[in-house]
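Novice: The lines below spell out each chain.
Number of protein chains: 2
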Amino acid sequence: MESKAVVLLSGGLDSYTAAAIAREEGFRLFALTVRYGQRHAREVEAARAVARALGVERHIELDVDLSAFGGSSLTSDVPVPKDRAISSEIPSTYVPARNTVFLSLALGWAEVLGASDIFIGVNALDYSGYPDCRPEFLTAFEEMANKGTRAGALGESWKVHAPLIAMSKAEIIRAGTALGVDYSLTHSCYDPHGELACGRCDSCLLRKKGFTEAGVADPTRYQP
Amino acid sequence: MESKAVVLLSGGLDSYTAAAIAREEGFRLFALTVRYGQRHAREVEAARAVARALGVERHIELDVDLSAFGGSSLTSDVPVPKDRAISSEIPSTYVPARNTVFLSLALGWAEVLGASDIFIGVNALDYSGYPDCRPEFLTAFEEMANKGTRAGALGESWKVHAPLIAMSKAEIIRAGTALGVDYSLTHSCYDPHGELACGRCDSCLLRKKGFTEAGVADPTRYQP
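Each protein sequence line maps, in turn, to chains A and B.
All the letters of the first sequence, read from the start, carry residue numbers 1 to 224 under our numbering.
All the letters of the second sequence, read from the start, carry residue numbers 1 to 224 under our numbering.
Keep in mind that the hints were calculated from the coordinates and are not lab data.
A portion of the hints provided could be inaccurate.
[Unchecked claim] If you want the footprint, here are the derived chain B segments under chain A, 3+ residues with CB under 8 Å:
1) 53-63
2) 107-118
3) 144-157
All of these numbers come straight from a predicted model, not from anything done at the bench.
For each residue, glycine too, the CB sits at the ideal point set by N, CA and C.
Could you build all of it, start to finish, from the sequences and the hints given here?
Specialist: And the structure:
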């Protein structure tokens, strides 16, 4: 019998590709989307379309209003930075402890499912400077999960898979394209206008550059 | 200036005592209550009363519906066990990854507040066999937080305080009583009937035993 895995699905390009890799590796997919009060709720609709395209066994959408805490331009009225040179500095779009919260929720569901594998589409190369996208964070999370769960207490080892961690955006797009990923379903923009991506936030800039470098046509519809 | 701390407040006896200890240690209190789909929603009302009694600077109540995942008698229709001999076995009232989720949320808020201290009322002695109440779990959580947050990346060390970790229920009640804690505000029962505690679930059994051993009058109203 195939193993189950919980995949964190945001509706963006990265998490879709990570989930497609999980499927390719033979896992049965259980997709978790967290509605965390982000301004780009378009993402959540995209996550639904992506979950359908992946044929996941179950898709849970969970509300966790991180905007109650403030502190990020993605969940508050602070303007999203535009045309920013991508640097190693931690930007205002960092949502405090977001991946820790997401992975914790995935952990809870995985434990109920009897799964010990979690997939997350984080990336340490084009990672916009987020501390919770670093490999040492993921390893520390696995160790914590081994201590804090019934499965771990019984000797199970948790594995947080981050198949994109060392890939450039172009490599991600090439890998996903080879697996039949339909990137027109995905949404990356931090500050969309209706159906259109802004084309100028960090996320749009990385996405555009990725498609160009991969030599793959960009299906994204940008603001004129 | 006094340091800020985020205290996880459930409305139960333990978290109130832990928060009172944090206040005694000079921290400014920011209380977080998570409504996680527990059947004993009475707890949440108790948390409000406790937050008022503590004089916290802010109290956030956050909805995170862990019942979407199932797997625990506290968030599903599985009956809460009654009159069970307290053992080291993990019981059905274990909510998968609950403390990991709670601490992750506290971490996110603390980071926004510029705090690096979190208080949680877990207890390894009378702990009902929950893996996420063990000291090695809390240490692993701190290490993970140091890797996964902006503050950690900038060299800050996170501290998860669990002042009750090595105390018996009777010692907790004595400590809280000395700090002026009003236990009549708290609620522990996993399966209450209106205002009345059942008197027979693990949580009621531990609470009763604690008051008896502490030689403190139990203000709880139990079902006849």
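Novice: Work down the list of hints and note, for each, if the structure agrees.
Specialist: Going down the list of hints, with the structure as the test:
Interface restraint, the segment 53-63 of chain B with chain A: holds (3 residues with C-beta to C-beta distance below 8 Å; minimum three). Check result for the segment 107-118 of chain B against chain A: holds, 5 residues qualifying (beta carbon to beta carbon below 8 Å, three or more required). Coverage of the segment 144-157 of chain B by chain A holds in this model, with 9 residues showing a Cβ closer than 8 Å to a Cβ of that chain against a need of three.
Violated hints for the displayed structure: none, as all numbered hints are satisfied.
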